[in-house]
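*Asks:* Each chain, letter by letter, is given below.
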Amino acid sequence: MSVFSQVASFWAEGALDAIDSFRRGYGCAENDPPPATPSDIVYEGGKVRLRHYHARGPVRHRTPLLLIYALIKRPFILDLMPGKSVVEKLTKAGFDVYLTDWIPPNDDDTWRDFNAYVNGDVANSVRAIQIEHDTDQVNILGYCFGALLALSYTAFNPDIVKNLIVLTTPFDMSKRELPISHLMEHLSPHTAELVTSIHGNAPAWAINLMFNAMSPPHHLLNKFVGRYRNLDREGYDEMFTLFERWMASDVPLAGGVFKEMASELAGENKLCRNLFEIGGRRVDLTSITMPLLNIIGEYDDVVHPSQSYGVLDAVGSTDKRTIAFPAGHIGVGVGDSALKKLWPEVTKWLAEHD
Amino acid sequence: MKEKNSSFTESMVAFVEAATIDLPVAAVSRIFSEDADKELHQAGWKVYDAAMGAAIALTDSLYTSPRVGRAAATVIERSLVVQRTVDAVAGAFFGSLWPSIGLPTNSEVKMLRSEVRAIREELRSARMEQKLREKQAAKAAPAPAPVERNNGLPLFLNPLWAGWANTTAGEVKSRVSL
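Residue numbers (this note's numbering), protein chains in the order written: chain C, 1 to 354; chain D, 355 to 532.
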């Protein structure tokens, strides 16, 4: 088959998938691929389903690890397929892993703000882990938007969190290195109000559109050409299909969170300036004093590295470290080299601090 | 003469089509095919990568242009305003139309759905609570000492935790009798 017909068939497949994703409203648990690692649901309430992945292997660590995933896509990227799973890597290293599998907000959840997620769902999840695991303290790892929830929860509950890891955190919003952020800065604060007054929550299609708008040439053509060029690579096609499925797994962002994100975090950069309030309480990052690991993707084109470096200066921890890994936003999680080099480093750090 | 002219036109069209479409397509296909010699093949992909790089650079420069940014923001905001107006007008029209023909309004259907959803969530929460309580009870005494919070209250008295007794719950679970 010639390059043209092959790329055209990939493109048509992609276009049909995009139409299908739009038709069914993007991400929901029913459309997730089969998980690579088995899990139990230990708690479900509010808008969270807490999954427990049991530790495996000869070494067992005492403190369980809670993964707080972003609110805007399905979390199966962390457990994509055997051998390409962060969760698998962590459980094999002897950690009991818990994952916040967020339930997409519906029309009744437009009121949900950071308070509902941080002091409600995350706090409830931690309490469930404390009971389930019979422990006082937990380790927390926040991924992307989840890192903002992790930082906020930890600032309120420093005694409960033993070690904190934040991954590709959109922290310092005053850094606008990505081209798309220039486009966003022309939107008035009124836009978020308009979106929520029409749709209630920020719609999944709008979030999907925003991700695709970050690099139109890539999403319209280059990724299909890339698929053609890598056809000979073992496992590439399967990975591509799974990855595309994840890219179309956007879920709506609750109206309250969207407004706070647009006006207070992106607009006024309040979290970075230590002025952000949740439920009437200031998120004082200096109260985070436990060991902290800040992981950054050097080639991240979703959260620019410059936005994440500032975390280290903002917290009160003395034992703190940044790992700048040569990978993109997703590569940090599921890239081959990240699974081979970065995650063993993370498990080593956690084990040393257990 | 007319016939002659028409066949000439047809020939010219065929020639132009072959020269500007078929030939470049065949040439490009040859460059990108695996049978092409290695250097030519690599050169073809080099051209493609350069073109893609230029396209990405062009998009980025468009995004960073204040004029484009302002235009895009205006389009987004105006379309949202129009959408809100259309929604309001349609809502007002159909809101009075449906009851007049004996059908429920959108808000009534939404309320009914919310009720059903809330009942489902209550049931689900109650089941989860029960499971957690059983687990907690099954674990041998003594129970772990509650972690003291900054405000001096033990964690289980934290009013934000809506799942156990002694709480002033915030969400649906408040309606679950424990």
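Rather than coming from a laboratory, the hints here were simulated on the basis of the structure. All values derive from a computational prediction rather than experimental measurement. Careful, some of the hints might be misleading.
What the hints assert, rightly or not - The following label-pair restraints were derived from C-beta to C-beta distances:
1. Asn212/C x Glu393/D: 32 to 38 Å
2. Pro33/C x Phe448/D: 16 to 22 Å
3. Asp108/C x Asp376/D: 56 to 62 Å
4. Pro38/C x Asp414/D: 41 to 47 Å
5. Glu234/C x Val379/D: 51 to 57 Å
6. Val422/D x Asp313/C: 51 to 57 Å
7. Val370/D x Asn212/C: 35 to 41 Å
8. Pro453/D x Phe4/C: 54 to 60 Å
9. Leu220/C x Ala368/D: 31 to 37 Å
10. Val422/D x Glu238/C: 23 to 29 Å
11. Asp354/C x Glu393/D: 36 to 42 Å
12. Thr459/D x Glu234/C: 56 to 62 Å
13. Ser197/C x Val401/D: 47 to 53 Å
Unchecked claim - Keeping only pairs whose Cα atoms sit at most 30 Å apart, straight-line, the calculated DSSO-like set for lysine-lysine is:
14. Lys259/C x Lys464/D
15. Lys162/C x Lys485/D
16. Lys92/C x Lys464/D
All residues carry an ideal CB built from backbone N, CA and C; glycine is no exception.
*Asks:* May I ask you to test the hint 32 to 38 Å on the CB atoms belonging to asparagine 212/C and glutamate 393/D?
*Replies:* Given a distance of about 36 Å, which is inside 32 to 38 Å, the answer is holds.
*Asks:* Lying within 47 to 53 Å: is that true of the beta-carbon distance serine 197/C to valine 401/D?
*Replies:* holds, 49 Å
*Asks:* When you take the CB atoms of glutamate 234/C and valine 379/D, is the distance between them in 51 to 57 Å?
*Replies:* violated, 31 Å
*Asks:* For leucine 220/C and alanine 368/D, compare the CB-CB distance with the range 31 to 37 Å and indicate the outcome.
*Replies:* At 32 Å between Cβs, range holds.
*Asks:* Lysine 162/C and lysine 485/D were given as a pair; does the straight-line alpha-carbon distance stay at or below 30 Å?
*Replies:* Judged against 30 Å, a Cα distance of about 27 Å means the pair holds.
*Asks:* Taking only the CA atoms, is the gap from lysine 259/C to lysine 464/D under or equal to 30 Å?
*Replies:* It holds: about 23 Å lies between the C-alpha atoms, which stays within 30 Å.
*Asks:* Assuming the hint says 51 to 57 Å, is it satisfied by the Cβ distance from valine 422/D to aspartate 313/C or not?
*Replies:* Given a distance of about 34 Å, which is not inside 51 to 57 Å, the answer is violated.
*Asks:* Do the beta carbons of aspartate 108/C and aspartate 376/D sit within 56 to 62 Å of each other?
*Replies:* holds, 59 Å
*Asks:* Does the Cβ distance between proline 38/C and aspartate 414/D fall inside 41 to 47 Å?
*Replies:* holds, 43 Å
*Asks:* When you take the CB atoms of aspartate 354/C and glutamate 393/D, is the distance between them in 36 to 42 Å?
*Replies:* Cβ of aspartate 354/C to Cβ of glutamate 393/D: about 56 Å, so the range 36 to 42 Å is violated.
*Asks:* Between valine 370/D and asparagine 212/C, does the beta-carbon spacing fit 35 to 41 Å?
*Replies:* About 37 Å separates the Cβ atoms of valine 370/D and asparagine 212/C, which means 35 to 41 Å holds.
*Asks:* Holds or violated: lysine 92/C and lysine 464/D, Cα atoms, limit 30 Å.
*Replies:* violated, 46 Å
In this structure, the hints that do not hold are numbers 2, 5, 6, 10, 11 and 16, in rising order.
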